[in-house]
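Residue numbers (numbering that gives the first Met the number 0), protein chains in the order written: chain V, 0 to 299; chain U, 0 to 299.
Honestly, the hints are just simulated from the structure, not real lab data. Please note: incorrect hints may appear among the correct ones.
The list treats identical chains as interchangeable, and a pair is accepted whether it falls inside one copy or across any two copies.
[Claimed, not checked] Subject to a maximum C-alpha distance of 25 angstroms in a straight line, what follows is the list of computed DMTMM-like cross-link-like pairs (lysine to aspartate or glutamate):
| hint | residue 1 | residue 2 |
| --- | --- | --- |
| 1 | K186 | D96 |
| 2 | K65 | D5 |
| 3 | K71 | D5 |
| 4 | K127 | E139 |
| 5 | K271 | D5 |
| 6 | K37 | D5 |
| 7 | K271 | E124 |
| 8 | K66 | D5 |
| 9 | K82 | E178 |
| 10 | K127 | D96 |
| 11 | K155 | D212 |
| 12 | K127 | E177 |
| 13 | K148 | E177 |
There are 2 protein chains.
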Amino acid sequence: MRTYLDCIPCFFRQALEASRVAGAGIQTQRRVLNELAKICSGFSLTSSPPETGRIIYRLVSRITGKKDPYAKIKTESNKMALKLYPRLKRMIARSADPMAVAVRLAIAGNIIDYGVKNSLNVGHELEKILKEEGLRIPEENKKFYQYAKFKRTLAKARTVLYLADNSGEVVFDRILIEEIKKKDPWKHIFYAVKSAPTINDALKKDAKQCGIDKVAEIITSGADAPGTVLSLCTPRFLRMFRGADIVISKGQGNFEVLSLSRRPVFFLFMAKCPVVASHAGCRIGDIILRCGGEYLTREG
Amino acid sequence: MRTYLDCIPCFFRQALEASRVAGAGIQTQRRVLNELAKICSGFSLTSSPPETGRIIYRLVSRITGKKDPYAKIKTESNKMALKLYPRLKRMIARSADPMAVAVRLAIAGNIIDYGVKNSLNVGHELEKILKEEGLRIPEENKKFYQYAKFKRTLAKARTVLYLADNSGEVVFDRILIEEIKKKDPWKHIFYAVKSAPTINDALKKDAKQCGIDKVAEIITSGADAPGTVLSLCTPRFLRMFRGADIVISKGQGNFEVLSLSRRPVFFLFMAKCPVVASHAGCRIGDIILRCGGEYLTREG
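Same shape as in the complex, but just chain V:
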């Protein structure tokens, strides 16, 4: 997905929010916005938003002097999600279709997204979703929810590449991966995190904190953007990306960079921004589980 002009005001909003998270004072916040203003006329509209996002979050780091502004938020998201873990496992245990619930929960975890909306309501929003009725897929949302196809492809796969998104959300991914492993302990699952801090995206230590190392092999993609930008990825990751029997991609950022990829990818996310929703042909708030680019609107 390319960058739209609507992304530009949003870049300013994100830069301001990240500066505040980094603890910058008003003067420094303003400096961040001024520096962004200086460079934004050079942003390419043919790049994906996470490619530009990368430039912005690096700018914030440079000016605020904080290499990982979201470090504390990430650790706390992980802790909060780990506290939910026993409850999530109980939901799976008492379900008639544990895999279906695990997939739905993995997408629910995608609410923990600090690029799109800020922190305060995450706990509250999660709570709403975790009430059983919150897990149902509304009728008008069903066309974006290709669960049967996902299940079929997954059943046949021996190698799984799972692209992580946010910290905290990782616990929800773990629930799904545990379910996959329960069905077939021989599946080889690689869990790919970003290589350097970008917003609240999960790093290796977040994946470990959330216990992914017990169920999958954690790898870094090479990307330090809020989306797995292939041109930034390591040759090893690219081989896996091309060769895996199934690629499970979490979050809007990964969707933004891979939506037009020729290799089929299953995208699991909540549509949280109007531009992404328009690109995906869905509405804000929709629960997405779709394969590849088949449902995309054409880009002008």
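Starting from the known structure of chain V, arrange chain U on it as the hints suggest.
Only chain U this time, still in chain V's reference frame:
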């Protein structure tokens, strides 16, 4: 109210939206954003947002070559509101407290605001409000709704200065002015509109199209900003502003520029932006009818 850093992303959003309303192509829209980026580091944070808004909407006019991008939208808002007029009058007629309903309707009309949100849902939102139950003031909103004080001050006033906000909304103002006149035909009411196009703010011809000239004297303030910025106003208007027995101010823009005014002003608006809501100490969506600056949070 001063300009906050949160206003800067919003200025970009408004500039983009206004360029689209002006019918600009992608290239021109981008040029508007680039030009805005060039000047935004010079924006004073001690000015009010409408003072900066004025610069932005002038920039859009200059680059798109459209002197009044919202002209068509304004005419249509007026027509839409005029169609509602008989229904509004019936609501007043069958009410036990016509003045209370008229005041509530005047604030409901403030939903017609193209600076804050775009057009599509205005009809739908209005429809919701116009269902009788939509006119009730929720319990937690009541502290922002000083109707008794407003009624008392109005009853004693011989001269009324009414500051208009948006086109379309004018019809709702007319309903209130007619009610005021019904109670006291000798009140002298001046209805002040902006002097030149800015967003969808009402001009003299909008006031006439909506029939204000039948119930009040239409004057121009001298301001061509999306708020009655006193430093832009004519000496005649300023005399009226200081001398009127009551000033009724509609909309967020007028609140933003007059919230700290020493002369008491009754502000009637819906809180539609997080920065204004925070300044007023209320929540987004709250219905405001308050006098002067007494309830404001301190500005840092």
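Each hint tested on the structure:
no., hint, in the structure
1, K186 with D96, "within (20 angstroms within a copy, 72 angstroms between copies)"
2, K65 with D5, "between (28 angstroms within a copy, 21 angstroms between copies)"
3, K71 with D5, "between (30 angstroms within a copy, 23 angstroms between copies)"
4, K127 with E139, "both (20 angstroms within a copy, 23 angstroms between copies)"
5, K271 with D5, "both (14 angstroms within a copy, 20 angstroms between copies)"
6, K37 with D5, "both (18 angstroms within a copy, 18 angstroms between copies)"
7, K271 with E124, "both (13 angstroms within a copy, 22 angstroms between copies)"
8, K66 with D5, "between (28 angstroms within a copy, 23 angstroms between copies)"
9, K82 with E178, "within (19 angstroms within a copy, 59 angstroms between copies)"
10, K127 with D96, "within (21 angstroms within a copy, 41 angstroms between copies)"
11, K155 with D212, "within (23 angstroms within a copy, 75 angstroms between copies)"
12, K127 with E177, "within (24 angstroms within a copy, 47 angstroms between copies)"
13, K148 with E177, "within (20 angstroms within a copy, 64 angstroms between copies)"
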